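Since the structure of chain E is already known, use the hints to place chain U on it.
There are 2 protein chains.
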Amino acid sequence: MDHTCGGYFTCLDRDGTVFDTDKFVWLQARQVWMFSMLYNELEKRKSWLKMARHGAQFLRGHGMDEDGNWYFALARDGRPLVQPYNIFSDCFAAMAFGQVALATGDADSYEIAERTYRNILRRKDNPKGKYNKAVPGTRPMISLALPMILANVSLELEWMLDADTLDRTVSASLDEIFSLLLDPERKLFYEQVAPDGTPLDCFDSRLILPGHGIEAMWFFMDIAERRKDPATVAKAVDAVLHTLDFGWDRKYGGIFYYLDAHGHPPQKLEWDQKLWWVHIETLVALIMGYRLTGREDCWAWYEKVHDYTWQRFPDPETGEWFGYLNRRG
Amino acid sequence: MDHTCGGYFTCLDRDGTVFDTDKFVWLQARQVWMFSMLYNELEKRKSWLKMARHGAQFLRGHGMDEDGNWYFALARDGRPLVQPYNIFSDCFAAMAFGQVALATGDADSYEIAERTYRNILRRKDNPKGKYNKAVPGTRPMISLALPMILANVSLELEWMLDADTLDRTVSASLDEIFSLLLDPERKLFYEQVAPDGTPLDCFDSRLILPGHGIEAMWFFMDIAERRKDPATVAKAVDAVLHTLDFGWDRKYGGIFYYLDAHGHPPQKLEWDQKLWWVHIETLVALIMGYRLTGREDCWAWYEKVHDYTWQRFPDPETGEWFGYLNRRG
Chain E
1 MDHTCGGYFT CLDRDGTVFD TDKFVWLQAR QVWMFSMLYN ELEKRKSWLK MARHGAQFLR
61 GHGMDEDGNW YFALARDGRP LVQPYNIFSD CFAAMAFGQV ALATGDADSY EIAERTYRNI
121 LRRKDNPKGK YNKAVPGTRP MISLALPMIL ANVSLELEWM LDADTLDRTV SASLDEIFSL
181 LLDPERKLFY EQVAPDGTPL DCFDSRLILP GHGIEAMWFF MDIAERRKDP ATVAKAVDAV
241 LHTLDFGWDR KYGGIFYYLD AHGHPPQKLE WDQKLWWVHI ETLVALIMGY RLTGREDCWA
301 WYEKVHDYTW QRFPDPETGE WFGYLNRRG
Chain U
330 MDHTCGGYFT CLDRDGTVFD TDKFVWLQAR QVWMFSMLYN ELEKRKSWLK MARHGAQFLR
390 GHGMDEDGNW YFALARDGRP LVQPYNIFSD CFAAMAFGQV ALATGDADSY EIAERTYRNI
450 LRRKDNPKGK YNKAVPGTRP MISLALPMIL ANVSLELEWM LDADTLDRTV SASLDEIFSL
510 LLDPERKLFY EQVAPDGTPL DCFDSRLILP GHGIEAMWFF MDIAERRKDP ATVAKAVDAV
570 LHTLDFGWDR KYGGIFYYLD AHGHPPQKLE WDQKLWWVHI ETLVALIMGY RLTGREDCWA
630 WYEKVHDYTW QRFPDPETGE WFGYLNRRG
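Protein sequence lines correspond, in order, to chains E and U. Read in this note's numbering, the first sequence has 254 at position 254, and its numbers run on one by one without any break. Read in this note's numbering, the second sequence has 522 at position 193, and its numbers run on one by one without any break.
Honestly, the hints are just simulated from the structure, not real lab data. All values reported here derive from a predicted model rather than from experimental measurement. Watch out, some of these pointers could steer you wrong.
To be verified - Result set (EDC-like, lysine to aspartate or glutamate): computed pairs, CA atoms no more than 16 Å apart in a straight line:
| id | chain 1 | residue 1 | chain 2 | residue 2 |
| --- | --- | --- | --- | --- |
| 1 | U | Lys462 | E | Asp65 |
| 2 | U | Lys379 | U | Asp331 |
| 3 | E | Lys268 | U | Glu599 |
| 4 | E | Lys235 | E | Asp222 |
| 5 | U | Lys597 | E | Glu185 |
The shape of chain E in the complex, shown without the other chains:
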C-alpha cells in the first residue's frame, strides 16, 4: 500500500522491499478486485474493504484517459506512462469496479464498471486501436484471448448487465472458442487463427500456450455448469487433457510456456520455462473437471501437476512462490 500517493506497490524483492514504484493498471486493478471479492464472498472484513477502496480511489483518479480508456502503466504519483493500447487493462478495471460497487453500493464505481464494459464491447474488434501494427487485410486473424476475457468479464458483471447482453456476449465467445479456435482433431487451442477458423502456417498461428488454452477451458466449464450444458463441459475437459498431453515436458516435468503446433522452434526465447500461473490455472481446470465429470484421468493429472507445482514453486526461505523456473525446474 502506497500511503503517500495512493494505490499499491507491486514490485517487491524477496525480502519484501519495494524495488520499483511504477503502477501497472493490470496489477492495481487485480488487487482491488481481490480484496473487494474477498469482502463480498468470504467475510465482511473492514480491512479488506479499506484496502480495495484505497486502490480504487487511485485508479479512479488517474487510470483513464479522456475517453475512458485505461492506461497500461502509471508513474507512482499517477501520471500516465504507457498509453491505453491493451484492452486487458480495461477488462481488469471493469471487474475491479464491479466488485467495489457490489461491496459498497457506490454509484460512481457502478458507473465506471458499466461504462468501461460498454467501451470494451465497442473496442473489441480492434482492441489495440491505433497501436495495432498488423497491416489491415493481409492476414486477418482472431485471437483466443479476446473471447476468453469477454466471457470472463461478462460473468463477473452479470449482476449489473441485462440478461440479453450477457447471454449474447457469452454465447458468441463460447461459439468462437469451440468452433473456430479449437482444433477439432488435436483438441488443442490455437492462440490465433483466420477469421473462418483455419489455422495458418505462420508463427502467430502455430503458437500454442498450453496454460492459456487450459485457463480458457475452466472459464467455459464454469459457464457450461451454470447453463446446465454437460456436452460443453465434456468438450472442455477433453481439451484440457489433450492440451496437457501436448504441453507436458516428458523429460523434466512441468508444462511448457510456449509451443509450436508443428514442433518448430517458437519465436520466444523463454518458451521452455515453467511459469507459476500456467500450473495454477491447470490445477483449477483439473479439479473443476474432476468435480463436474468424475473422470479418473482428471484426478491422475491433478495429482501429477500438484506434486510438480508444490515441489518446485514455493520458496522455502520466504514462503512466497517463484514466478518462473527454468526448464529443469
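This is chain U only, laid out in the frame that chain E set:
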C-alpha cells in the same frame, strides 16, 4: 533463395528445411548487405552479386510504404504484414542498398539508400512514430540503440554522404553515447536514460544489455580509429572490460542477456540466457581493443569468451550454431 516469389527464406530447421516463409525486412536486408559487401570487399564473385540483387529486387518492389518507410515484415509474396514501426528496418535497408549501389553503380539503389537515410534522420526523434506507446512528457528518455545505429549507418554510407552531414551525425552520436548513456563511475551503458543523462530508477532505465553496450563500443573504437582519437579508444576499451566484468556469469560462464543495474529482477524472463550474438559482438570488441591498445586484459578476456563460445554454440551435428543457450550453457 525463394525462386518463386523473390527474396530469401530465413527460417530453416536444423536440417535446412524451410519452416516459415514470412519475410522479415531486417533479415532480408542484412542478407542483401552481406552478399554485396562480400562482393565489394572480398572477391568479385558473380554468384554473390546475383544473390544480393535477388533480394534487393524483392525489397525494392515490396519493402516500403508510400512514404518510403520500411515495413517490418512481409508475406512470402511481398504483401505487407507488419507496419513500419521499427526504424532498424530502415537502417538495415539503407545499408543494403548502399552496398548494392557500390557493387552495381545502379542509380536506383543509390537513390533508395540516400532517401532512406534522409528519412531516418527525419524520424530519429520519434522513431516509432504513432506506434510509440509512451505517453509524451511523463518520462522522456533517450536510448542507446539509436545513436549506435545512426553512427553505424552513417559510416556505411560514408562514400555517398557529404563530409559535413557525416561528421555532424557521427559526432552527435559519439557525444550522446559517451556523455549521456555511459555511467561515468561504473563504466556501464544504460539502454535508456533521461535526456540529460540521468539514469532513472525504473525498469527501462535500470536495464543493462551487456552485449549491446559492448557492440556499441566496437562501433566507436572503429570510428575513433579513423578519427585518430586514442582517448576515445581507451574509454571504449575500458567500458568493454567493465561491462564484461558486470555481465559475466561467474557461476556457469557466458554473458547474461539482460541485467538490472541495481541487481533487481529484470522484467524479461529470458534474462539469464546466453545468446550467440552477444558473444560474437564481445569477441569482435575484445580483439579490436587488443589490436588498438595492446592491453593484456583484452587478450585474457578474449581467450575466456572464445573458449566458452566455441565450446557451447556450435552444433556438432550440423555445423551450424545454436542461437541461444540456457543459463548453464
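Now for the hints, and whether the structure bears them out:
A threshold of 16 Å between alpha carbons decides the hint, and for Lys462 of chain U with Asp65 of chain E the separation of about 13 Å falls inside it, so the pair holds. Between Lys379 of chain U and Asp331 of chain U the alpha-carbon distance is near 13 Å, which keeps this suggested pair within the 16 Å criterion. For the given pair, Lys268 of chain E sits about 9 Å from Glu599 of chain U by alpha-carbon distance, which is consistent with the 16 Å threshold. Of the supplied pair hints, the one linking Lys235 of chain E and Asp222 of chain E holds, its CA atoms being roughly 13 Å apart against a limit of 16 Å.
Under the criterion of a C-alpha separation no larger than 16 Å, the hint pairing Lys597 of chain U with Glu185 of chain E is inconsistent with the structure, at around 35 Å.
The earlier numbered hint that this structure contradicts is number 5, and it is the only one.
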